[in-house]
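Student: Listed here are the chains, written in short residue letters.
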Amino acid sequence: MARFFRSRQDPQVRDEKLEEGLQRSRTGLFGQMSALFDREEITDETWEELEELLVASDVGVETTFGLVEHLQDRVETEKLRRPSQVRQALKDELLLMLTSLPPRRQEPPNGDALLVTLIVGVNGVGKTTSIAKIANRLRENGANVVIGAADTFRAAAIDQLEVWGERAGVPVIAGAPNSDPASVVHDALTAATSRHADVLLVDTAGRLHTKYNLMEELRKIQRVVTRGGNTRIENLMVLDATTGQNGLEQARKFAGTVTLDGVVLAKMDGTSKGGIAFAIVKELGVPIRYVATGEKIDDLAEFDARAFVDALWS
Amino acid sequence: MFESLTDRMQGTFKKLNSKGRIAESDIDLALREVRISLMEADVNLKVAKQFIADVKEKVEAARALESLNPTQQVIQVVNEELVELLGSTQSKLETAPSPPTVYMLVGLQGAGKTTHASKLALYLRKQGARPLLVAADVYRPAAVKQLETLGASLNIPVHSEGTQVAPEQIAANALREARSNGYTHVLLDTAGRLSIDEGMMQELERVKVQTNPTETLLVADAMTGQEAVRVARQFHERLGVTGLIMTKMDGDARGGAALSIRSVTGVPIKFIGTGERPEAMEPFMPDRLASRILGLGDMLSLIERAQSAFDERQAEELERKMRTATFTLEDFFNQLQTIKSMGPLQQLVDMIPGMGSAMRGQDVQVDDREMKRIEAIIQSMTVAERQRPDLLKNGKRRKRIAAGSGTSVADVNALLSQFSQMQKMMKQLTSGKMPKIPGLFG
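Chain order of the listed sequences is C and P. Be aware that the first sequence starts at -9, since it is given in my numbering, and climbs by one per residue. Be aware that the second sequence starts at 100, since it is given in my numbering, and climbs by one per residue.
Derived by calculation from the structure, the hints in this document are not laboratory data. Note that the structure is predicted; figures quoted are calculated from it, not measured. Note that the Cβ used here is the ideal one computed from N, Cα and C, for glycine as well. Fair warning: there could be bad hints in the mix.
To be verified - 20 Å max Cα-Cα, derived DMTMM-like pairs, lysine to aspartate or glutamate:
{"hint": "1", "chain 1": "C", "residue 1": "Lys69", "chain 2": "C", "residue 2": "Glu35"}
{"hint": "2", "chain 1": "P", "residue 1": "Lys148", "chain 2": "C", "residue 2": "Glu152"}
{"hint": "3", "chain 1": "C", "residue 1": "Lys201", "chain 2": "P", "residue 2": "Asp351"}
{"hint": "4", "chain 1": "P", "residue 1": "Lys145", "chain 2": "C", "residue 2": "Glu130"}
{"hint": "5", "chain 1": "P", "residue 1": "Lys244", "chain 2": "C", "residue 2": "Asp149"}
{"hint": "6", "chain 1": "P", "residue 1": "Lys244", "chain 2": "C", "residue 2": "Glu152"}
{"hint": "7", "chain 1": "P", "residue 1": "Lys148", "chain 2": "C", "residue 2": "Asp149"}
Said to hold, decoys possible - Just so you have them, the derived chain C footprint on chain P, three or more residues with Cβ under 8 Å:
{"hint": "8", "segment": "131 to 142"}
{"hint": "9", "segment": "155 to 161"}
{"hint": "10", "segment": "208 to 221"}
{"hint": "11", "segment": "227 to 241"}
{"hint": "12", "segment": "325 to 335"}
{"hint": "13", "segment": "350 to 357"}
Said to hold, decoys possible - Here chain P is said to cover these stretches of chain C; the calculated rule only asks that three of the stretch's residues, wherever they fall, bring their Cβ under 8 Å from a Cβ of chain P:
{"hint": "14", "segment": "65 to 74"}
{"hint": "15", "segment": "198 to 212"}
Here chain C stands alone, though its shape is the one from the complex:
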């Protein structure tokens, strides 16, 4: 079976666990898609069913229509007759959608710079849990990691992160509840620098992308980081895999506020397909970086587009 993800540590063990969680996401509708192309010939019905399957996986009407139209063009011009050829073409298109990314902004190489990763997203998507998993992953890979607890708004968010920090073996720098998140980030920067950390992961409060003031707050936090001396910044948005079409709007607004360097697709252990990821990558050129599956500290994998698309037919 095609391997879904690349893993650095204990690939065997980790993959089995992830496979288990991801299996649920994969069978079901995308599994049906495979059956769709095992038929004798391509008919109008095939196309319609394909559209429905994509929409049912949260890929979205617009993306689906675009994809199917394009595929139909290819069938015409390349004279594809056999369903298996169309399947391959669909696979190619899906993969292309996930991989044809504009070049990312290139920071000048600087070995000493502290990498500051802001974790952003709407409420309840799994930011705090994801940050713990990422911290654990980085630490296992030998990085010196510090977590900044800048969600000073949600009750007990700091306590939650401190529990996770202990589990991950990563120090957590926190301010007082309801204090200014930007000042917490400032303190965390100082602490990370004095500890000679490689990475500072910053947990931010959940905020709906439609709330102007809260988005401005995020901008302010980013400013604190960019002025924080020898740092380079990267922003990851956590997206709940059960999210529907609003996921694109979320990513668009966050990208417009702080520039997004990637998406963490969380809660992929449910039955949802995370299909909105296609639209996010295609429309905004923001790559999917990690996939998170469960409530344990190592339920995280780096995203691999080819394996992801291959796995749709496994």
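Dock chain P against chain C, hints included.
Tutor: Quick look at chain P alone, frame taken from chain C:
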């Protein structure tokens, strides 16, 4: 971005009109547009299909075929059906024959159970009840602490036993505490879980047996996609859900999940969550959600917000000033403050039917920052200047204002010319001649 449903359907019918008569197959085309709109709103594919099949007969019966404005006809019928399906009346929370009444909150991770348990407690207390919150989420780190903190800030008692006791035991103990201390309502905050997690679902069944809740409330995120149906069905089958709370409705998700869940479970939507503050929870209004799901805008909410922001005396005064053309920059400033108190501009614009999508398409900026700049400019004027803009013909004054507000003289000029146009418009308006306003909203 897609155009609004109204625009799209009008496009469909325009093509048809040129052919002359509207046939049954044309209705199918129009309903196809409705179906697409529903799916864009995250209504489940099968639910959308079924809904369209059900509504088709009614649309035909409504003689949309002969109507002069078939778009409005179809939309009206569809809208009515949608309201009906979402629940034509408001649904209240049931109470147990003898206290305490138990409400159990269940749902996926991150839906907003803990937040809404505390919102619900506050809501009940405002109605004179004595609620007790129960921290039965022993899994998520600091979930107990979160509920305790929320309870403390609202001054509502929280029953908690740490994380080493089984949730059903905690719930049973809480019920005992409620009985002996005269609490009228017990609100069980349970851990988020996947509906396919057998062990965790069994745990909820045990909690339910222990406490016999009057309401089992499924808390669901308004942004949920196609899977909402499956999740809701599974929770409903296992636990017999009695009501829904749709959360995060203050975002810009169209909220089709609510329709999906409602139609597969038949369970009423009781509340919607509209913000992070403890009082941001409202009774559910089916007509509003219907237009939102269809992408028709939400005029009702806009009007309500305007009503709560403007007081009547203020409005009368404003009208008098407009009539007598004595509307000053000072009044303009006050008006801006009032509009600001209604919420972010973009959100207001989105509530106007058709406007949200129209503006998104054109990438028109409805910018709260622009508003701040205007404020800064007016605030940098003297009282006399605000009342007599003609004083500002003096370039020195404009220079001073630009410096004081951190803007440029060009910005000040732009504002002044806008303002003078506005005054002219008002004169025309109040003299009964409705001017055509070019460029307004694009």
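Student: Compare the structure with each hint and give your call.
Tutor: Results for each hint:
1. Lys69(C) / Glu35(C): 19 Å, holds
2. Lys148(P) / Glu152(C): Given pair lysine 148(P), glutamate 152(C) is violated - Cα atoms ~47 Å apart, limit 20 Å.
3. Lys201(C) / Asp351(P): 10 Å, holds
4. Lys145(P) / Glu130(C): With Cα atoms ~45 Å apart, lysine 145(P) and glutamate 130(C) exceed 20 Å; violated.
5. Lys244(P) / Asp149(C): 8 Å, holds
6. Lys244(P) / Glu152(C): Holds, because 12 Å separates the two Cα atoms, which is no more than 20 Å.
7. Lys148(P) / Asp149(C): With Cα atoms ~46 Å apart, lysine 148(P) and aspartate 149(C) exceed 20 Å; violated.
8. 131 to 142: With 5 residues close enough to chain C, the hint holds.
9. 155 to 161: Answer violated; 0 residues pass the 8 Å Cβ test.
10. 208 to 221: holds (count 4)
11. 227 to 241: Held - the segment 227 to 241 of chain P has 4 residues with a Cβ nearer than 8 Å to chain C, which meets the minimum of three.
12. 325 to 335: holds (count 5)
13. 350 to 357: Answer holds; 6 residues pass the 8 Å Cβ test.
14. 65 to 74: Coverage by chain P is violated for the segment 65 to 74 of chain C (0 residues, Cβ < 8 Å).
15. 198 to 212: holds (count 5)
The structure fails to meet hints 2, 4, 7, 9 and 14 from the earlier list, while all remaining hints are met.
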